[in-house]
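Peer 1: Chains as they are written, first to last, in our numbering: chain A, 248 to 606; chain B, 71 to 432; chain C, 92 to 203; chain D, 149 to 255.
Hint data in this document are derived by calculation from the structure and do not stem from the laboratory.
Keep in mind that this is a model prediction, so the values were computed, not measured.
Yeah, the Cβ is synthetic: ideal placement off N, Cα and C, and Gly gets one too.
Warning: the hint list may mix true and false statements.
Sample of chain C residues with no beta-carbon within 12 angstroms of chain D, all distances over it, derived [to be verified]: (1) Asn118; (2) Gly119; (3) Thr122; (4) Lys140; (5) Gly155; (6) His159; (7) Thr180.
Pairs of lysine to aspartate or glutamate residues, derived as EDC-like cross-links and limited to a Cα-Cα distance of at most 16 angstroms, are as follows [stated by the list, open to error]: (8) C/Lys148 <-> A/Glu427; (9) A/Lys352 <-> B/Glu170; (10) A/Lys479 <-> A/Glu466; (11) B/Lys355 <-> C/Asp181; (12) B/Lys231 <-> B/Glu95; (13) A/Lys371 <-> C/Asp96; (14) B/Lys98 <-> B/Glu407; (15) A/Lys422 <-> A/Glu466; (16) B/Lys302 <-> D/Glu223; (17) B/Lys302 <-> D/Asp245; (18) C/Lys156 <-> A/Glu507; (19) D/Lys193 <-> A/Glu463; (20) B/Lys107 <-> B/Glu260; (21) B/Lys106 <-> B/Glu260; (22) A/Lys352 <-> A/Glu525; (23) B/Lys252 <-> B/Glu76; (24) B/Lys329 <-> A/Asp602; (25) A/Lys479 <-> A/Glu463; (26) D/Lys170 <-> D/Glu238; (27) A/Lys479 <-> A/Glu427; (28) A/Lys574 <-> A/Glu301; (29) C/Lys201 <-> C/Asp181; (30) C/Lys148 <-> C/Glu110; (31) B/Lys171 <-> C/Glu196; (32) B/Lys171 <-> C/Glu198; (33) B/Lys355 <-> D/Glu247; (34) A/Lys601 <-> C/Glu160; (35) D/Lys193 <-> A/Asp481; (36) C/Lys201 <-> B/Glu407; (37) A/Lys582 <-> A/Asp435; (38) B/Lys302 <-> D/Glu238; (39) B/Lys265 <-> B/Asp250; (40) C/Lys156 <-> C/Glu198.
So the chains spell out like this:
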Amino acid sequence: METDVLIIGAGPAGLAAALETASRGLAVILIDESSSLGGQLPQQTQLIRPLPSEYGPLRGFELAEKLINQLEDYPINYLLQHRVVGLYADGSVGVTDEENVFPVKAKKMIMATGAAERAVAFPKWTMPGIMTIGAAQTLINRDFVLPGNEAVIIGSSDFAMDVALQLMAVGVNVKGIVEEQPEVQASDNVKIEQVQQSGVPIYLNASIIEARGNGEVAEIDIEHTGTVLTEKVDLVCVDGGRSPILDLFYQLGCSFGYQEKLGGWIPQYNSNFQTDREDAFLAGNAAGITSQGAILLTGMVAGISVCEKLQAISHDEAQQIRGSLFKELEILEDKDIWESRIHHIERYANPKLKDQFIS
Amino acid sequence: METRFETVVIGGGVVGSGIAYHLSERYKGGVLVLDKKYPMTGTSGSTQAWVWVHNKTPSWYAEFNMYSAELYPYLSKKIGDVEYKRTGGLSPFFSEEDREKALKLAEAYREIGIKIKVLSREEVLEKEPSMNPEVVGATYSSIDGNVNPFRLVDMYMRAAKKNGVNYSTYNKVTGIEKQDGKFTVVSDKETYECKNLILAGGTWSRELGEMLGINIPVNQLRGQILVSEPLKPFLNHTISGLRQANNGEVLMGYSMEEKGFDRSTTLDVIQETANMALHYVPSLKKAKIVRAFSGIRAMPEDGFPIIGKVPGVENLYVAATHSGVTLSPLIGTLITELIMDGETSIPIDRYSISRFGVGVKG
Amino acid sequence: MNRLDKSTIICRCEEISYEEIEEVIGNGARTFDDIKRLTRCGMGPCQAKICTSLVAKVIHEETGKPLHEIPLPRMRMPLSPIKLETLATDSTSFSTVKSVLDEVELEDGKVR
Amino acid sequence: MHIKDHPVLGKQLQEPVTIYFKDQPYQAYQQQTVAAALIANDIKKFGVSRKNIQDRGLFCSRGRCCSCYMTVNGEDHVRTCMTRVEEGMEIYPNLEDPEVRRDGNGD
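Excised from the complex, chain A in its bound form (with noise of 0.2 angstroms):
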């Protein structure tokens, strides 16, 4: 298989990379390990903004839609319930429908495989009914399986705060959350208020002792200002933040930088989001752990860049195009997050861990 551009993951950021590379004329292929397209966003119940102005105020699932329907008149190569398995020697991408594997020769590539949870581990973490919270927000809003009657979360990010919203609209009852650090990691305050009013405890500088329970979580202790609380559940979430997905970044040779903000261990990348791999370009959570508008908008620069190198758009109407997204892109983008992005392309001659292979 030949094309210009394959896209690898379905998400946002490569829906996103294969509306600006597929409307120029460039041929794409865009795989995803799923069976539908869309990535996490469809089990995204939360209204999602900001976003980038055409866009407009969405609830996930909507966005999805509507990211999916611009592409229909466009002939792009969807291969989904397909994965990377790997690399031939001579670049081209491996690719399985768990029949066989195939090569894909691609011109460019564009890396939007997205982000991982974390673990969180205290004793007894491995019990069934602990999972998380990705899994369990998987299980209400895709699979319409109610995982539990009552829950404690762990960790309170914003993310923390959208699955606690979403678990109790779908009748679950949420205990507490429990967060290490002396304040709540949210940013976004109306959430934790409506957390808050809806009679959700959040224990402060607590951590869990242990769970237990026969074949499946039932009980868990909580440390809480010296004290232990012990809380009758049957769902833990833990919420351990999320860090780029890297593996296929690792077998192309790429090297990385580490920003603790954007999520740990970072692919090195410049200003066109493309890695220190001539033919690799990557997107989204890839490139940092960041909000569904920002993801949005690296799927666009990295399509962008794609057409420009190879001859759909010419340089001085990319570097136009490039130009107005990352102003879009600071202004839309968490503060912190935005800096710790440009700290990381302006590093980009000088990454923390290079030829991996070479022992």
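Take the given structure of chain A and dock chains B, C and D to it, following the hints.
Peer 2: Same frame as chain A, but now just chains B, C and D:
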């Protein structure tokens, strides 16, 4: 930490740690092992770890490997369980022409006391029921087996440390000099002095030798290896190309590529290796592969080990070889004999570095 | 990270605890891969996708090294587990993959 | 418990599907994954770990942690969080290492 030692070993992999352990059993002087990272970041940590004798050629080299294989049971008694299993080694073939080659091999080995049987198809399938029924025959040697390389090096280190050997890791050697009968070893963290110096640099032996103007002609030959998820035990032998570890995973791979120090893997070789594994054992088809790693063989220019004293440089010893896992008990014993007794119990002049016409350059 | 109870599992595939990792760090292991080779931590089906960040925290706590100085583990293909038959092609030609007998050369009927 | 009427997404569970866990029939719906369908039927323990035989179930639901490994229609170590239910699916917990011998002489 002390900076003067009677003996310094550069390189803490299976060969270097093997030497340090065997030396520590008899030697009373201070021993320091230097490694530029932590042991097993090189070949010792990325190997199928066969303890393999048969079809190593010529026969004197097979004999050398056999001596080492025979030391393994005693080694396990001394340093603890290294998951050494003398499973017997099967090298199957699928065409009648190979049978002639196999018979010649068996005959050549019989002369030096290595029993190799050439099995018929039925005998192969009886020994290894999961083998592809299209197999035509196999060479079989009861001495072959395998070991867990991680445990082997770990147990060597623990036993050596218990006998007083010091390890300094993440401490790369950057320069070596010899003046008035002593070696000065300069490394990232420290400068050391010692009487005896042992070069066990594995794939980096050439670079190490150059620090003393000595040619240690070791090249790099990459091998890619597939690892399956742990499966219920079903493979009885070490088969040339794959084996099943104690933990149940099957290791598959027998490839050779000249890629210098590039330890990446490629789907090209991975898929070819998968074809080989399925060709040998079709029932592996549903087994899931969880990892493909690659290791760099430390391959001396002529393929044979470089062991022993360095002519012209007193108290300098070198141990650089391929099949370091198979040979580590023997090499450890031989180097210890050279240092303690000045000579070895079996002749090793074939393996001397002098065969490369080496003298001290400059 | 619950540092009080060192029996806490860090690698859920291979069930390696905090104290097992702490012990090998005490013996000089510094990177994820050092720890993996000595304890099997990270060798399970998930291939360290879950325990990488947890082990990095243990290394940080035991050695004081900041997280940005704790390198990534060596990530390998396949990016997630895959059946051998899916990987295999139907070709029977082998170029780089050899059989051991290939290496045995005969010179005028004798093994060289 | 299935969410028949989602507060934001409404009635999404349309085509029912019957799946079998340890030979017992359970109710699922077309677009659900095996893992989700089992949880809807209060089955959270999908298997046990290898060394300490500890219970395991859904954790990451992204196909990365492999804690949701089960035997589905005769195939071992299937990631049930990434596998959609199909009518008549036979599902068993993951209790031991896969056995290859029986596949060898089967199909």
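Peer 1: Each hint should be assessed against the structure and marked as holding or not.
Peer 2: Cross-check of the supplied hints:
Consistency note on C/Asn118: stated as away from chain D, and its beta-carbon is indeed over 12 angstroms from all of that chain's, at 21 angstroms minimum. Distance to chain D confirms C/Gly119 as a non-interface residue, since its nearest Cβ pair spans about 25 angstroms, more than 12 angstroms. The beta carbon of C/Thr122 sits about 22 angstroms from the closest Cβ of chain D, which is more than 12 angstroms, so the claim that it is off the interface holds. With 12 angstroms as the threshold on Cβ separation, the claim that C/Lys140 sits away from chain D is violated: the shortest Cβ distance comes to roughly 4 angstroms.
The beta carbon of C/Gly155 sits about 29 angstroms from the closest Cβ of chain D, which is more than 12 angstroms, so the claim that it is off the interface holds. Distance check for C/His159 against chain D: the nearest CB is about 23 angstroms away, which clears 12 angstroms, and the non-interface claim stands. At the 12 angstroms boundary, the C-beta of C/Thr180 stays outside the reach of chain D, the nearest C-beta of that chain being 20 angstroms off. A C-alpha spacing of about 15 angstroms is found between C/Lys148 and A/Glu427, which places the hinted pair at or below 16 angstroms, so the restraint holds.
Taking the CA atoms of A/Lys352 and B/Glu170, the gap is near 44 angstroms; set against the 16 angstroms cutoff, the hint is violated. Note on A/Lys479 and A/Glu466: the hinted pairing holds, with a Cα-Cα distance of about 5 angstroms set against a maximum of 16 angstroms. As the CA atoms of B/Lys355 and C/Asp181 are separated by approximately 13 angstroms, the hinted pair is consistent with the 16 angstroms bound. Using a Cα cut-off of 16 angstroms, the hinted pair B/Lys231 and B/Glu95 holds, with the two alpha carbons roughly 11 angstroms apart.
For a cut-off of 16 angstroms, the pair hint linking A/Lys371 to C/Asp96 stands: about 11 angstroms separates their Cα positions. Restraint check: the Cα-Cα separation between B/Lys98 and B/Glu407 comes to about 14 angstroms, which is no more than 16 angstroms; the hinted pair holds. A hinted pair counts as satisfied when its Cα atoms are at most 16 angstroms apart, and A/Lys422 with A/Glu466 qualifies at roughly 12 angstroms. Distance hint between B/Lys302 and D/Glu223 is fulfilled; the C-alpha atoms sit about 15 angstroms from each other, no more than 16 angstroms.
As the CA atoms of B/Lys302 and D/Asp245 are separated by approximately 6 angstroms, the hinted pair is consistent with the 16 angstroms bound. Distance check on the hinted pair: C/Lys156 and A/Glu507 sit about 14 angstroms apart at the alpha-carbon level, within 16 angstroms; holds. At most 16 angstroms may separate the alpha-carbon atoms for a hinted pair to count; D/Lys193 and A/Glu463 meet this at roughly 7 angstroms. In summary, the hint linking B/Lys107 to B/Glu260 is supported, as the alpha carbons are separated by about 15 angstroms, within the 16 angstroms threshold.
Between the alpha carbons of B/Lys106 and B/Glu260 the distance comes to roughly 12 angstroms, so the proposed pair stays at or under 16 angstroms and holds. At roughly 15 angstroms between alpha-carbon atoms, A/Lys352 and A/Glu525 fall within 16 angstroms of each other, so this suggested pair holds. Our distance criterion of 16 angstroms between C-alpha atoms is met by B/Lys252 and B/Glu76, whose separation comes to about 10 angstroms. As the CA atoms of B/Lys329 and A/Asp602 are separated by approximately 14 angstroms, the hinted pair is consistent with the 16 angstroms bound.
With a CA separation close to 12 angstroms, the supplied pair A/Lys479 and A/Glu463 stays within the 16 angstroms bound. For the given pair, D/Lys170 sits about 8 angstroms from D/Glu238 by alpha-carbon distance, which is consistent with the 16 angstroms threshold. Taking the CA atoms of A/Lys479 and A/Glu427, the gap is about 20 angstroms. The hint is violated against a cut of 16 angstroms. This hinted pair checks out: A/Lys574 and A/Glu301 have alpha carbons roughly 15 angstroms apart, not beyond 16 angstroms.
Restraint check for C/Lys201 and C/Asp181: the C-alpha separation of about 35 angstroms exceeds 16 angstroms, so the hint is violated. At most 16 angstroms may separate the alpha-carbon atoms for a hinted pair to count; C/Lys148 and C/Glu110 meet this at roughly 13 angstroms. Pair hint B/Lys171 plus C/Glu196 holds up; C-alpha atoms about 8 angstroms apart against a cutoff of 16 angstroms. At most 16 angstroms may separate the alpha-carbon atoms for a hinted pair to count; B/Lys171 and C/Glu198 meet this at roughly 11 angstroms.
Distance hint between B/Lys355 and D/Glu247 is fulfilled; the C-alpha atoms sit about 12 angstroms from each other, no more than 16 angstroms. Of the supplied pair hints, the one linking A/Lys601 and C/Glu160 holds, its CA atoms being roughly 13 angstroms apart against a limit of 16 angstroms. In summary, the hint linking D/Lys193 to A/Asp481 is supported, as the alpha carbons are separated by about 12 angstroms, within the 16 angstroms threshold. A hinted pair counts as satisfied when its Cα atoms are at most 16 angstroms apart, and C/Lys201 with B/Glu407 does not qualify at roughly 35 angstroms.
At most 16 angstroms may separate the alpha-carbon atoms for a hinted pair to count; A/Lys582 and A/Asp435 meet this at roughly 13 angstroms. Taking the CA atoms of B/Lys302 and D/Glu238, the gap is near 22 angstroms; set against the 16 angstroms cutoff, the hint is violated. Between the alpha carbons of B/Lys265 and B/Asp250 the distance comes to roughly 10 angstroms, so the proposed pair stays at or under 16 angstroms and holds. Between C/Lys156 and C/Glu198 the CA atoms are separated by roughly 59 angstroms; this puts the pair beyond 16 angstroms, and the hint is violated.
Consistency note: the structure conflicts with the earlier hints numbered 4, 9, 27, 29, 36, 38, 40.
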